[in-house]
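Enquirer: Here is how the chains run, residue by residue.
2 protein chains.
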Amino acid sequence: MNSQHNFYNLVSNEILAVEALMRQQAKNNHFDLRVALDHLIHSGGKRIRPNITLLSGKLLNGDMERVVTLSSAIELLHTATLVHDDLIDGSLLRRGIPTLNAKWSPAATVLTGDFIFAKAAKLASDTDSIPVMRLFSETLGIIVNGEFTQLFASRGIVDRDEYYQRIYAKTASLFETSTKSAAILCDASLEDTAHLTKFGYELGIAFQIVDDILDFTGKQEDIGKPVGGDLRQGLVTLPALLFIKNNPKHPYLLEHLKENCLKFTSQVETLIQDIRNSEAIEGAFQIATQHINEGLLALKKLPESIYRNALEEIAYYVIERKL
Amino acid sequence: MNSQHNFYNLVSNEILAVEALMRQQAKNNHFDLRVALDHLIHSGGKRIRPNITLLSGKLLNGDMERVVTLSSAIELLHTATLVHDDLIDGSLLRRGIPTLNAKWSPAATVLTGDFIFAKAAKLASDTDSIPVMRLFSETLGIIVNGEFTQLFASRGIVDRDEYYQRIYAKTASLFETSTKSAAILCDASLEDTAHLTKFGYELGIAFQIVDDILDFTGKQEDIGKPVGGDLRQGLVTLPALLFIKNNPKHPYLLEHLKENCLKFTSQVETLIQDIRNSEAIEGAFQIATQHINEGLLALKKLPESIYRNALEEIAYYVIERKL
Chain A
1 MNSQHNFYNL VSNEILAVEA LMRQQAKNNH FDLRVALDHL IHSGGKRIRP NITLLSGKLL
61 NGDMERVVTL SSAIELLHTA TLVHDDLIDG SLLRRGIPTL NAKWSPAATV LTGDFIFAKA
121 AKLASDTDSI PVMRLFSETL GIIVNGEFTQ LFASRGIVDR DEYYQRIYAK TASLFETSTK
181 SAAILCDASL EDTAHLTKFG YELGIAFQIV DDILDFTGKQ EDIGKPVGGD LRQGLVTLPA
241 LLFIKNNPKH PYLLEHLKEN CLKFTSQVET LIQDIRNSEA IEGAFQIATQ HINEGLLALK
301 KLPESIYRNA LEEIAYYVIE RKL
Chain B
324 MNSQHNFYNL VSNEILAVEA LMRQQAKNNH FDLRVALDHL IHSGGKRIRP NITLLSGKLL
384 NGDMERVVTL SSAIELLHTA TLVHDDLIDG SLLRRGIPTL NAKWSPAATV LTGDFIFAKA
444 AKLASDTDSI PVMRLFSETL GIIVNGEFTQ LFASRGIVDR DEYYQRIYAK TASLFETSTK
504 SAAILCDASL EDTAHLTKFG YELGIAFQIV DDILDFTGKQ EDIGKPVGGD LRQGLVTLPA
564 LLFIKNNPKH PYLLEHLKEN CLKFTSQVET LIQDIRNSEA IEGAFQIATQ HINEGLLALK
624 KLPESIYRNA LEEIAYYVIE RKL
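Line order of the protein sequences matches chains A and B. Take the first sequence: its letter number 42 is residue 42 in the numbering used here, and every next letter is one higher. Counting the second sequence from 1 gives a position; the numbering used here is that position plus 323.
Please note that a few of the clues may not be correct.
Covered stretches of chain A, as calculated for chain B (at least 3 residues, CB under 8 Å) [what the hints assert, rightly or not]:
hint	segment
1	22–34
2	83–95
3	135–142
4	291–297
In the DSS-like style, the derived pairs of lysine-lysine whose C-alpha atoms are separated by at most 30 Å in a straight line are [claimed, not checked]:
hint	chain 1	residue 1	chain 2	residue 2
5	B	K426	A	K27
6	A	K46	A	K170
7	B	K426	A	K170
For the record, the hints were derived by calculation from the structure and aren't laboratory data. Where is the CB? At the ideal position from N, CA and C, for every residue including glycine.
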């Protein structure tokens, strides 16, 4: 998300304020905690969640100081879940940058995640809104329950419902909370809150579907991990679900999922290439686009403004992005 | 803390309500999360934190439904920190019962701790008090920063100030929050809030000093780990600090702390026995008793009632307990 995007320019000062506030949370704490938080903030991605929170706040003419606090809380919550995720998955790189657990012991990584959870909760309480605070902790519960479920889930073919539950917990819940909590904090009407909530939800679902597509179509150097990584781990995402539907007799797919690994690496590569070259990719894109359109429909019910336009632009960005 | 104690009888119904509310937090979540939470609640110790929160609430004539919610939040926060602590320390038993990490993978243990943090935060927000919510997240930050500091601390002799900082972060901060947050929730005057805060702080400091004494004087089967465990890990607690002061030329102590382990097990055993049989134990007890007396002095400034008496009884229990 670079400065050529209009939506970024509209809240670029606020994003800097968000990052400063995030960084500030470790001051007066152990030196290595400050270093860790700096590292995480420095390597910190597209800031799409604070962007939609900030633009929602602007759209609703809210108190931007409180919205900045809220956005920092949301981004820190996201950061903390990534720290524990990478530890659990044993991931050594995220966005091409070494993860915390690549450099530190599991103990230090667990505690750093915990510390960031604590500071996210602190910032959420600094918004001075009980409903925001409650939504915030509920969302964390949903995310963690989702990760836990995925950990214990038997690998293999899932149905579309299970897939949606998983990506709601993993991604859409926090996108939804990003717009909904801004609406709550800015005293939006119940209708406007519902529209923004819907927009956040659909954006999050589309975002995760595109992520799952990029896992097949991206270049290894861009996505920072081997192509087809989900399927290699036995995790069935939308492209694979659509592929199964269209190719129920594919020689490798069912075998791979049943055994949780194919005997020969070349078979896995063939399978991933077959999905990558199939119409399942385009099919998944169409479904992501439908979600974006649903989201835009909800957003259109809010008064037009440069901020609403910027949120629309983010929606298009989500399905057009290459990373 | 069994039913022969008056302080327990006064809030026994509320303690049951606290446990029920804690247990309820995993409903509608993954089956194994429910099992884990049940296991943790079942093996859950003396409930001293909810006891002092509940009695403070009764003493202040507060809305006990909200105080029960607060007490559940505090006990869950405590539980979550224990889950991650045991994982980090690799402890296989707590109170003689297998820890979560003894039975589960690190991944599942990390996520269970995270889930319990989320539910603790949810319950804290259910108290509908922003200052309580803020205090709660600040306390979590203090606890985690303390654990982190201990993880990275060079082993060896610490001074009394460092020891106090460590036991404040580890134990006294949450004791203090237990009484202070009850006072805030029950709209106590600033004076009464300060007195209860002081009582919680002193009680927590004394509690941890007694824990550190019991690490030397307890029986292995009672404390559930080898006697002198702290010192074996190079962790210097008050009894060892006092022993060093009185025995600066002890042949093994400095060597052990410098090398972080003695060459021969028999030397460690001798060292632990020497501390156990020294006047340092009585000295540490006297210091714990001074803290209890300070706490009681603060408590006495609140109006007399059966609840105040019960809090006094807990204070005496803390220095008299054998476990």
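Enquirer: Each of the hints needs a verdict: does it hold here or not?
Expert: Against the structure, the hints:
no.	hint	in the structure
1	22–34	holds (count 4)
2	83–95	holds (count 3)
3	135–142	holds (count 5)
4	291–297	violated (count 0)
5	K426(B) - K27(A)	37 Å, violated
6	K46(A) - K170(A)	17 Å, holds
7	K426(B) - K170(A)	26 Å, holds
In terms of the numbered hints stated before, the structure departs from hints 4 and 5, listed from lowest to highest.
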